[in-house]
Amino acid sequence: MVLLGEIVEGGSLNIIGMGQSSSKGVLKGDIVDFHAASDCAHAAILSAEDQAGVKIDGVYLAVSGSDVNGFPSEASVNVTPAEGRVSQEDIDQVSDLAKGRDLPEERVVIHHLRRPYRLDSRSVEKPLNLEGERLEASYWTVHGNARKIGDAIHIINGFNLHVDDVILSALAAGSVVASEEEKQRGCLVIDIGRGSTDYAAYQGGRCVLAGSFPLGGDHISNDLSIGLRMRLNQAESLKHRYGSAIVEHKDKGEKVWLNNDFEIGDRPIRLWSIEKIIELRMTEIFEVISKKLGSLGRGERLGGGVILCGGGASLRNCEQSAEGVFGVPARVGDNGTMATGELRESQYSVALGLLKYGLEYQSKLETTESNAPGLFGKLKGLFQ
Amino acid sequence: MATKKPTKTARKSKSWKDIDQDVRAKSMSSTAFKRMFFARCRKSVIAIVAIAAIAVGAKLFLETEDVSSALTQAGRALPLKMVETESDVLDREWILHHLDLNRDGLNLLTLDLGEMKQSLESYSQIRSAELARQLPDTLFVSIQEREPIAKIIASDVDRARITLLVDQEGVVYEGIGYDSKMVRSLPSLDGIRLKRKDGGFEPISGMDVVEVLLTEARTLAPHLYRSWKVVSMEAWPNIVVKSDFAKEAVFEPTPGGYRRQLAELDYIIDYNKSRSVNRVARVDLTLKSQVPVTRASFVQ
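In order, the protein sequences belong to chains C and D. The first sequence begins at 1 in the numbering used here and counts up by one. The second sequence begins at 385 in the numbering used here and counts up by one.
One chain only, chain C, in its complex shape:
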C-alpha cells in the first residue's frame, strides 16, 4: 500500500493519493521473490501517483518481519568532576557509548529508542546542568538483517526513488493510534499483519521497546486449513466470515457451511472448532509479545492499555483476547486524528504513521535548513 501526502502551507498534511496492490513475493514479512515484490510495489506507487497527479520525491519505508529484533544497550559515565554538573559533552559521550554496541556484520540498526537517563539512579528526562556524579543512558536498539532491509530498499530504488527513512511498522502505527496521554501512562501498540506482528511499548511518553516476530493473520488461515482440512483460500474466507478471537459459540453442535454455495464439495464445519483454533493462535501471538515485553508487559505498567491495529485487528473479539492475556483494557486503533472515511480503519495506521513521521521529519529539516525552500514540499509513505 502506498499513501501519498503533501505538506501544505502551515505545516499540515493533505493525503492526495493512495495506491494498493496485491502482496506477492513476500512471505512472513520477508521478500522471497524480488521481481514479484517489485512489480506489486511499483504498481501501487504508480497508482498513487496517477491518483494524485504528482511524482513522488522520496519514500518513507515501513519494515517488519521475522528478522527485525531489538535489544537493550546501556552505558554510564562519570560526570566531569571539575564542574559537578552534567554537561552536553557528558550526555553525548554516554549516548555514543550506549549506541556503540557491536552488531554482527549482517545486521544494521533501524532505530535507537532512547529511554530516560538515570543520574545517580534517579530517572531524569533532561540531565543537562543537573548535579550528579554518575550518568547512565539506556537505548532500545531495533536492528534488522542488512540484506533483507537492503532488498526492500532496492525495490523502491528500482523505481528510481530514494528511501528517506526506514521505520518499524509498529512505531509508525503507534504515532497515529496512541494518544499522548496513553503513551505517557504506558501503552502497547500491536500491529498484526499477514505474516508478522510488530509491537511497540510506550512509557513516559516515549517508545522504549519495539520488535517484530513472524506470526500473523496468515498463520491463523494456515491453522484452519490444516486443522479443519480445507484449502487455504477456503480457510481465509471462513476466517473473514466467522472468525472470532475468542470462543463465542459454546454449543459444539452449531455448524456453518464451508463454501455456502450449496455446490458439491460444500460441507458443514463446527463453528466452535473455527473459533477455538483462532483463539489459540491469537492467544499465542499475544503471549509471545507479553513474554518479549517482560516486566513492561505487566498490567500496572500499561495504564494506557493495549491498542490493536493492522489487518489482524479486524478479527472479531480481538480486543477481548488481548485483554485476557495482558489484563488491561484493549481497543482497536482508530486513525480519526489524521484521516476520515475509509482511511480511519486500523489497516491504514502504518501508512498514516509514516506520513506523520515524514511530516515531523520535514518540519525539523525546514527548521534547520530554512535556506532550502520548496525542496521538501512533499512527503510520501510506503509500507509493505
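Treat the hints with caution; some may be incorrect.
[What the hints assert, rightly or not] Calculated pairs, BS3-like style, for lysine-lysine (alpha carbon to alpha carbon, straight line, at most 30 Å): (1) D:K535 - D:K579; (2) D:K398 - C:K292; (3) C:K356 - D:K401; (4) C:K291 - C:K148; (5) D:K501 - D:K465; (6) D:K398 - C:K126; (7) C:K99 - D:K501; (8) D:K613 - D:K672; (9) D:K631 - D:K657; (10) C:K291 - D:K398; (11) D:K398 - C:K148; (12) D:K418 - D:K401; (13) C:K55 - D:K626; (14) C:K148 - D:K613; (15) C:K99 - C:K356; (16) D:K672 - D:K631; (17) C:K356 - D:K398; (18) D:K418 - C:K55; (19) C:K276 - C:K252; (20) C:K148 - D:K401; (21) D:K465 - C:K99; (22) D:K579 - D:K565; (23) C:K239 - C:K24; (24) D:K418 - C:K24; (25) D:K401 - C:K24; (26) C:K55 - D:K501; (27) D:K401 - C:K292; (28) C:K126 - D:K401.
It is worth saying that the hints were derived from the structure and are not from the lab.
Given chain C's structure and the hints, the job is docking chain D onto it.
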C-alpha cells in the same frame, strides 16, 4: 550494565543508512526505467531550451548596438526615388508640392509620415490620407477626397469673387483641380451664413438633408435637376430650389424623402408646359393634399 571509562570516541554501529541506494538501470523495472528515461529527457529538453534562450538573449543584447547602427546606416543608404500617388481630383504635382517632395536627397526612412498625413488632412478638400514606405525607395501616398454637392459664391478679403464647394458633411473648401464644367453644373447654395474658422470655414449644418434632396433629384428626375440653379436654406428646414421652370419650389423634409414632392413638381411643370406656361413663380410642395402654384404673371 556496562560501565566504561569516558573516551573521546565510541564505535558506531552500522545503520540502514549505510545501505547503498545507487540505482543501476539493470536493477530497475521497465516501468521505472521508462519513467527515469522520460524524466531525464524532460530535464534535458528544459535545460537545452533554457541554454538556447539565454544564448539567444545574450546574442541579441550584444548585437543591439550593432543592429541599431546598421539600421541607421541602411537608412542613409535608402534615398527616396519614387512617389506613387492615388487620388481623385488632386493631381500628383499638387501632392508633391504640398508635401515638399520635389527635392533631391530625401531619405525614405527619415520621412515623418505622421506629419505628412496631418499636413494633407489639414486641407479641407482631403477627407483622409494614407502614406506608406515601400522599400527600398518608394513612398506611397493615397488620398481620399470630398465630393462636392453644391457651390457657394462668396467674396474673399479682396472682395474678389470666389467659388467655394460644399460636401454632404457641410465642409466648405476651395476646390482645386475640379473640372470647371462640373463646378458650373452644381447648384449654388444660398441662404446660409459662412463663418471663418482656423483659416477655413465652419461646416454648414443640414447639408446631409440637402444632399438627400439633390441625390434623389439627380437620380429620379435628372431633367429637373439640370435646371436647378440655386438651393436656398433661407426657409430652413424647408428647402427652396430656384430653377428654370419655377422661380421658387419649396420642399419640405419628410421621413420618406422627397420622391413624392419631386413627382408633384414634375407633374406641375409638365401640366404648365402643356398650357404653354414655361415658368411659374412659386410652387409650394409642403402641403400634403394641395400644391399652391403661383404663376409669374400674378407676381408683382
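Results for each hint:
1. D:K535 - D:K579: 16 Å, holds
2. D:K398 - C:K292: 24 Å, holds
3. C:K356 - D:K401: 20 Å, holds
4. C:K291 - C:K148: Holds - the C-alpha atoms of C:K148 and C:K291 are around 26 Å apart, at most 30 Å.
5. D:K501 - D:K465: Roughly 19 Å separates the two Cα atoms, so the pair holds.
6. D:K398 - C:K126: Holds, at roughly 27 Å.
7. C:K99 - D:K501: 91 Å, violated
8. D:K613 - D:K672: 25 Å, holds
9. D:K631 - D:K657: 15 Å, holds
10. C:K291 - D:K398: 28 Å, holds
11. D:K398 - C:K148: Distance of about 15 Å is within 30 Å: holds.
12. D:K418 - D:K401: 27 Å, holds
13. C:K55 - D:K626: The hint is violated at about 91 Å.
14. C:K148 - D:K613: 116 Å, violated
15. C:K99 - C:K356: OK: C:K99 and C:K356 at ~25 Å, within 30 Å.
16. D:K672 - D:K631: 21 Å, holds
17. C:K356 - D:K398: With Cα atoms ~26 Å apart, C:K356 and D:K398 stay inside 30 Å; holds.
18. D:K418 - C:K55: 14 Å, holds
19. C:K276 - C:K252: Status holds; Cα separation ~11 Å.
20. C:K148 - D:K401: Answer holds: C:K148 to D:K401 is near 14 Å, not above 30 Å.
21. D:K465 - C:K99: Roughly 95 Å between the alpha carbons, so the hint for D:K465 and C:K99 is violated.
22. D:K579 - D:K565: 27 Å, holds
23. C:K239 - C:K24: Holds, at roughly 21 Å.
24. D:K418 - C:K24: 23 Å, holds
25. D:K401 - C:K24: 26 Å, holds
26. C:K55 - D:K501: 61 Å, violated
27. D:K401 - C:K292: 27 Å, holds
28. C:K126 - D:K401: Within the cut-off at roughly 28 Å; holds.
Violated hints, in rising order: 7, 13, 14, 21, 26; the structure is consistent with all others.
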